[in-house]
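2 protein chains.
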Amino acid sequence: MLFFEIRIIINIGYETDNSKLVKLKTKIHSSLRTVEWKNNAVVMIDQTKLPNKLVFVKYTDYKDVANAIRTLVVRGAPAIGISGAFGLALAALQSKAKSKEKLLEDLEKARNTLFETRPTAINLAWGLDKIMKVANKSNNVTEIKKLIIQTAKKMAEEDIETNMNMGKHGAALFENNDRIMTHCNAGALATVGYGTALGVIRATKESGKKIKVIATETRPVMQGSRLTAFELKHDGIDVSLIPDTAVGYAMFKGLVNKVIVGADRILRTGHVYNKIGTYQVAMMAKQHNIPFYVAAPLSTFDLKSNPEDVIIEQRNRSEVTQIGDRKTAPDDIDVINPAFDMTPPELITGIITEVGIAKPSFEESIKKLFKSKM
Amino acid sequence: MLFFEIRIIINIGYETDNSKLVKLKTKIHSSLRTVEWKNNAVVMIDQTKLPNKLVFVKYTDYKDVANAIRTLVVRGAPAIGISGAFGLALAALQSKAKSKEKLLEDLEKARNTLFETRPTAINLAWGLDKIMKVANKSNNVTEIKKLIIQTAKKMAEEDIETNMNMGKHGAALFENNDRIMTHCNAGALATVGYGTALGVIRATKESGKKIKVIATETRPVMQGSRLTAFELKHDGIDVSLIPDTAVGYAMFKGLVNKVIVGADRILRTGHVYNKIGTYQVAMMAKQHNIPFYVAAPLSTFDLKSNPEDVIIEQRNRSEVTQIGDRKTAPDDIDVINPAFDMTPPELITGIITEVGIAKPSFEESIKKLFKSKM
Numbered sequence: 006m007l008f009f010e011i012r013i014i015i016n017i018g019y020e021t022d023n024s025k026l027v028k029l030k031t032k033i034h035s036s037l038r039t040v041e042w043k044n045n046a047v048v049m050i051d052q053t054k055l056p057n058k059l060v061f062v063k064y065t066d067y068k069d070v071a072n073a074i075r076t077l078v079v080r081g082a083p084a085i086g087i088s089g090a091f092g093l094a095l096a097a098l099q100s101k102a103k104s105k106e107k108l109l110e111d112l113e114k115a116r117n118t119l120f121e122t123r124p125t126a127i128n129l130a131w132g133l134d135k136i137m138k139v140a141n142k143s144n145n146v147t148e149i150k151k152l153i154i155q156t157a158k159k160m161a162e163e164d165i166e167t168n169m170n171m172g173k174h175g176a177a178l179f180e181n182n183d184r185i186m187t188h189c190n191a192g193a194l195a196t197v198g199y200g201t202a203l204g205v206i207r208a209t210k211e212s213g214k215k216i217k218v219i220a221t222e223t224r225p226v227m228q229g230s231r232l233t234a235f236e237l238k239h240d241g242i243d244v245s246l247i248p249d250t251a252v253g254y255a256m257f258k259g260l261v262n263k264v265i266v267g268a269d270r271i272l273r274t275g276h277v278y279n280k281i282g283t284y285q286v287a288m289m290a291k292q293h294n295i296p297f298y299v300a301a302p303l304s305t306f307d308l309k310s311n312p313e314d315v316i317i318e319q320r321n322r323s324e325v326t327q328i329g330d331r332k333t334a335p336d337d338i339d340v341i342n343p344a345f346d347m348t349p350p351e352l353i354t355g356i357i358t359e360v361g362i363a364k365p366s367f368e369e370s371i372k373k374l375f376k377s378k379m
Numbered sequence: 006m007l008f009f010e011i012r013i014i015i016n017i018g019y020e021t022d023n024s025k026l027v028k029l030k031t032k033i034h035s036s037l038r039t040v041e042w043k044n045n046a047v048v049m050i051d052q053t054k055l056p057n058k059l060v061f062v063k064y065t066d067y068k069d070v071a072n073a074i075r076t077l078v079v080r081g082a083p084a085i086g087i088s089g090a091f092g093l094a095l096a097a098l099q100s101k102a103k104s105k106e107k108l109l110e111d112l113e114k115a116r117n118t119l120f121e122t123r124p125t126a127i128n129l130a131w132g133l134d135k136i137m138k139v140a141n142k143s144n145n146v147t148e149i150k151k152l153i154i155q156t157a158k159k160m161a162e163e164d165i166e167t168n169m170n171m172g173k174h175g176a177a178l179f180e181n182n183d184r185i186m187t188h189c190n191a192g193a194l195a196t197v198g199y200g201t202a203l204g205v206i207r208a209t210k211e212s213g214k215k216i217k218v219i220a221t222e223t224r225p226v227m228q229g230s231r232l233t234a235f236e237l238k239h240d241g242i243d244v245s246l247i248p249d250t251a252v253g254y255a256m257f258k259g260l261v262n263k264v265i266v267g268a269d270r271i272l273r274t275g276h277v278y279n280k281i282g283t284y285q286v287a288m289m290a291k292q293h294n295i296p297f298y299v300a301a302p303l304s305t306f307d308l309k310s311n312p313e314d315v316i317i318e319q320r321n322r323s324e325v326t327q328i329g330d331r332k333t334a335p336d337d338i339d340v341i342n343p344a345f346d347m348t349p350p351e352l353i354t355g356i357i358t359e360v361g362i363a364k365p366s367f368e369e370s371i372k373k374l375f376k377s378k379m
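Heads up: the protein sequence lines correspond to chains A and B, in order.
By the numbering used here, the letter at position 360 of the first sequence is numbered 365, and the numbering carries on one by one without gaps.
By the numbering used here, the letter at position 366 of the second sequence is numbered 371, and the numbering carries on one by one without gaps.
Calculated from the structure, these hints are not laboratory results.
What you were told as hints is all true, and nothing was included just to trick you.
Identical copies look the same in the list; a pair holds intra-copy or inter-copy alike.
Okay, derived cross-link-like pairs now, DSS-like style, lysine-lysine, Cα gap no bigger than 25 Å in a straight line: (1) K258 - K309; (2) K151 - K114; (3) K58 - K332; (4) K258 - K291; (5) K217 - K332.
Whenever a hint applies, use it, and build me the whole structure from the sequences.
Right under this line is the structure:
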């Protein structure tokens, strides 16, 4: 029942009031709660303010949630899946529809607005579709609204449970004195809480093993320095920050003996779509004989698509040409700024899920994991 | 006599006055002159201000030159070699010594101050030693001062000539429609002018071939976005900027078919020390069957050291934890911030010098190049 214990700890540090913006000035002595349903509103940590300020934002309009996903107030595949579900719950509450048909129409519109914010991350589609299915199956307006909120809240709780199970499976792969590299943020801040890749790191530490973590900065949005370094330090886990350019150096120098990352989408073949830069971290790991693990819930798997079907989002050039107000590149320079890259299965040692670990050959192994869940 | 033509073009755009800080408001329609001896002073482009402002600074105290090297006002192996030489010329002018012995003492002290600023880059030692040799061989105070200045100025002229020769040799390796990746800045701004790796790119374009350049941002100091993107755009060369995390993506997608970088130190075995991140660019190139070239003058070669002798500088943590005044990582986070990494010879296709191209096996090939010069 570790799960309930953690929820309680989280609530100790949590403050809310009626204002739209709630600032937490006291230090929270627990893992962070990224997104939450509270009094018919969605409350999120504004991750664009980290690591300078820990600020919570509260939304009652689904369009604000869509905007939050688009502008990376909330990010990380599992977190945006749940945020999408909560967005639809808000849309249901906002709808003035008197009939089921009209409400479904409103929800469909909201679904499209929410989906278009981050099309590559499969969890967003997963979260939205799960809610739409519940809505379609319900009998009337009151029931739809009630069941959508109930389902979205349950999905959030299950996300933490999933991560803790993933942690349990994953921790077995790590040993005392491991030096673990991670890229981007697949942490509490990428999920509802606890984290996927960082959940495995948390579970490894909780199992009594001594570990060191090396976090890559993860340009351009710097989720590694802003979020991973922040949340691991917050939890008292030994973490060092490196620029993305020092991945090869760190591996060559023996500062790293394992790598773990999250994922935004995993195909049935084991192709992993994750934050730009993951591919080269995986390739460098392979060349240095360092095991490379991916941690992601089954909701991250896209069993239908082939690699050629997946479109990789290009993000705004300003992410690369300026930091805050500070210009870091000449005016009008051409920029290539892909959000994700694809890591092929041959570079991956194992994929850690809540029901077990997939190993090569992945197509078979992934199939088995899905069967075990049914 | 292309060499003289370029000097003249540079002077058209150049303005100077008696103030310590000279701002150029008009656009210079030519390749940039990074460091120059002018009226018994050293004039440099302040590269920390780029790409926002093109500012020239003027120094008459060698300690200011040392500080400029330390704080990256001037950077790039060849440019700091010449800056070191000019620093010693200033030290000679500043010395009140009446005897050769006393002047040599003053110069030795200045040499040490200048050397300690960037110990890994071999060109700094090369530039300082060349001047010290001239000083030691001269007969008296007046002659030493005169010859030091003369030698340093000649070294600056030779640097541009060297780069143009390097360009001539290197351009033959590149073809029409090549898509060339470069890391860091091995450009006009890393040398006295024209550049090493970017000199080859300039020469390729001047030879009539159509090329596209992809510049990596090069965290943490962002020489790629601030300097390479700036100077190539300035010269009308097609350039796109990518974050360092997108190297693998760009290669996988076929956006790159050749790589060229500069070097801070090259051993007789062909081990190349260059800006942090070079190693992983080279490794990724190898894995994608993309030729990886290094362009550097013979003054960059260290024929005495072995890989285990070379100490890689660790730079200030603040380069990784903040950009300008903007904090990008949590307080007191541990940081690993190496200035350089080592690329082993097996990842290198060729090393372009002013006297020809070294190819595997490098130890033999490099030996031949040095013999051809004697």
